[in-house]
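Asks: Here's the letter readout for the chains.
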Amino acid sequence: MKRLKYPLYFSFPAIAVFLLFFITPTIIGVYYSFTDWNINADAIKFIGLDNYVELFKEPRLKQAFINTIIFAAAVTVLQNVTGIALALILNEKLKSRNLLRMIFFMPYVIAPLVIGYIFRAIYHPGHGIVNQFLDLIGLDFMMQDWLNDPKYALFTIIITDIWRVAGFSMVVYLAGLQFIPKDLIESSSIDGANYWSRFRHIVFPLLAPAFTVNVLLAMIGSMKVFEIVMVLTEGGPGYTTEVFYTLIRTTFSSGEMGYATAVNMLLFAFVSLVGVPVLMMMKKREVEM
Amino acid sequence: MRKTKAIYLVLTVMLVTLALSACGGNNKENASPSSNASESAPASSSAANPSVEPKKDPVTLTFLIPNTDDVTPYNTIFAEFQKQTGNKVEVQALPGGDYDNMLKTRFSTGDFPDVFLMQPGTKQYVKLRAEETLTEWSKEAGVWDNVIESIADFQKTPEGLAYGVPFGKTGQMGVFYNKDVFTKAGVEPPKNYADLIEIAKKIKAAGVTPFYEAVKEGWPTQIFYLSGWVSQVDQAIGAEGVQKLNVNQMKLSDIAELKDLFVKAKELKDLDLFQKNALSGTYDEMQNEFGDGKIGMIFMLDGVLPQLEKKFGKEFLTDKVGFFPFPSATDAGTAMITPPNQLMVPSKAKHLEQAKELVKFMISQESINTFYASQPGIPIFKGATSEMYPVQQTVQGFIDAGKSTVNVQNRLTASFLDLGKTLQNFHIDGDIDKAINEMAKNYIKDGNSKRLTGFE
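Taken in sequence, the protein lines are chains E and U.
Just so you know, we're using full-length UniProt numbering here: the first sequence kicks off at 1 and counts up by one.
Just so you know, we're using full-length UniProt numbering here: the second sequence kicks off at 1 and counts up by one.
Careful, some of the hints might be misleading.
[To be verified] With a straight-line Cα cutoff of 25 Å, these simulated DSS-like cross-link-like pairs (lysine-lysine) come out: (1) U:Lys403 <-> U:Lys244; (2) U:Lys434 <-> E:Lys62; (3) U:Lys276 <-> E:Lys151.
These are computed hints drawn from the structure, not numbers from a lab.
If we strip away everything but chain E, and leave its shape as in the complex, we get (with noise of 0.2 Å):
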């Protein structure tokens, strides 16, 4: 077969694109961090380090970090384990199954800002549901204010925000489920295979690509969280449930805008540093089955 070769000139038009509304944007940011750009100033500043040297003094930084880390890592699990767990149920034959597909699926549609929005009803310590239910089925004792109590804010946005993902993992997985050849389940079972050992030893490792792109998707996502945080708690009580990009927004609203864009240089290298060794490990993993 003869392959068509086109001249390397015909990419130029979306090379030139890319290089102006991508790349310069973000060598432009680059360059503010080391600046000290402020809403309250005319003269735009080199400052070198100043910005990193500073904000690794900040202690609400370091929150931030813990906060994140916990958040992406809790996310990215359960995440995935309940897409997993949906993908396979809703998998089987039932009756109800597009149904629910889509049910699940929803939250995801929601815009995060709404979903907050009624979550905070849902977990008002007085009138919420979840207290009102507790207290229904006689667990008055675990009762919580689940939104403004520092021990259990992050928790409670943790799981709020699974909620409103899963189904987005659900739908990936059960795209994988379908490539899985019938033949393969079917000799499994006819040699003996249990659904456990079937899922471990068969089906698990053929979703390796759906997995790939499920927690490499989570990952980075749940490290950029921001709006679901913002309406659930703006970041408090204090700064217990403070994020990346909640601490951000709170330096961009002081006018820092040099400042800012370190924290966001940051949250860039951080996403870059976790992010690419993961998909590097995971993609030669796929190789190897």
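Position chain U against the provided structure of chain E, taking the given hints into account.
Replies: Frame of chain E; chain U shown alone:
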């Protein structure tokens, strides 16, 4: 081949320029229809009303206001303005929390309103870079004649310049109390701070929560410290101390009396004088509980009064709500007053002349009385009629007796940045040193980011 290469290069360049010009061009296209619209709309209305002889073509002025403010009195005044001059005023209410930043953003993109409402005092001048962007009023005839002296003084810089015209009423911060609760517990307003604690304990013994603090919202927690400042910190550091703070020659964390306020706040918490679940307390729930008599006292600003009137009626406000300042160790304390908002006109406003005309119209006797009729308070204009609530008369009494001071936040140029958050955190961990150091650090940070002398 070379020719086609050249063509592609040209195409690429064209595409890029097209993309760029599309970004820039948008502005122009957006601007022109809106300015057309603003000119054409009133033109047609004046055509429909031929009896009024228009001096110039009527215009539509834009007026910005935070959406936390009640626009009713403004709308009434603007309707009258339109009747008299033919000029329409379009009110744009921007989100209160982001008002300053939205304003600054609009300034930096050249999208100037004609008139806007701003928080009080000269500290706003720095934020808005007044000398470049705002109309200066100190020499303007007919603006200052009726403003009471203390407010006129406060409005001007040390050089005597004024970039804003004070408008509205003076406010107050301190302790509002429910008179029914006080009667039930058999207590009177306190004579000093120790007395306040005794009162709170008696109220608690009578089965009512002494204090409510809306910690979840952050900002209400500041009032304890700000009203405490005028009663106990000002006495210690004086005007000279405030000036030192202004140029960063004194540290907030070095002021023992300020630190004492943190000790006092912690004491209230340790004595269990706040409501249960203080961390989830909200401004709205505070009003409800206060109105229902479930709460004895609130550290609050007068902005809560119209809200209470809306919820519990005028009688509640006149008969049941009392006020006293944050008491000092030795006496009933100093009343903390907050200056009125100010009207500002960008020097690059589209309709500068009409905008100035509007400001003068707004501070005319009739307009002022319209304003006070809807938002009664302590007037800042001589000869204005305003019906005052008893709580405001209490403050007027303190003002007349010379026991009142303007909020320190209005006197300082740098702000107590993020104080609400700091105090929220303080409610959780109760670490006094950490809280006051953070407050001091954020104050310097704000001064620094505003590029104030002494902070860099």
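Asks: Now tell me if each hint is right for this structure.
Replies: Right, here's what the structure says about each hint:
1. U:Lys403 <-> U:Lys244: 23 Å, holds
2. U:Lys434 <-> E:Lys62: Distance ~16 Å between Lys434 of chain U and Lys62 of chain E Cα, so the pair holds.
3. U:Lys276 <-> E:Lys151: Distance ~17 Å between Lys276 of chain U and Lys151 of chain E Cα, so the pair holds.
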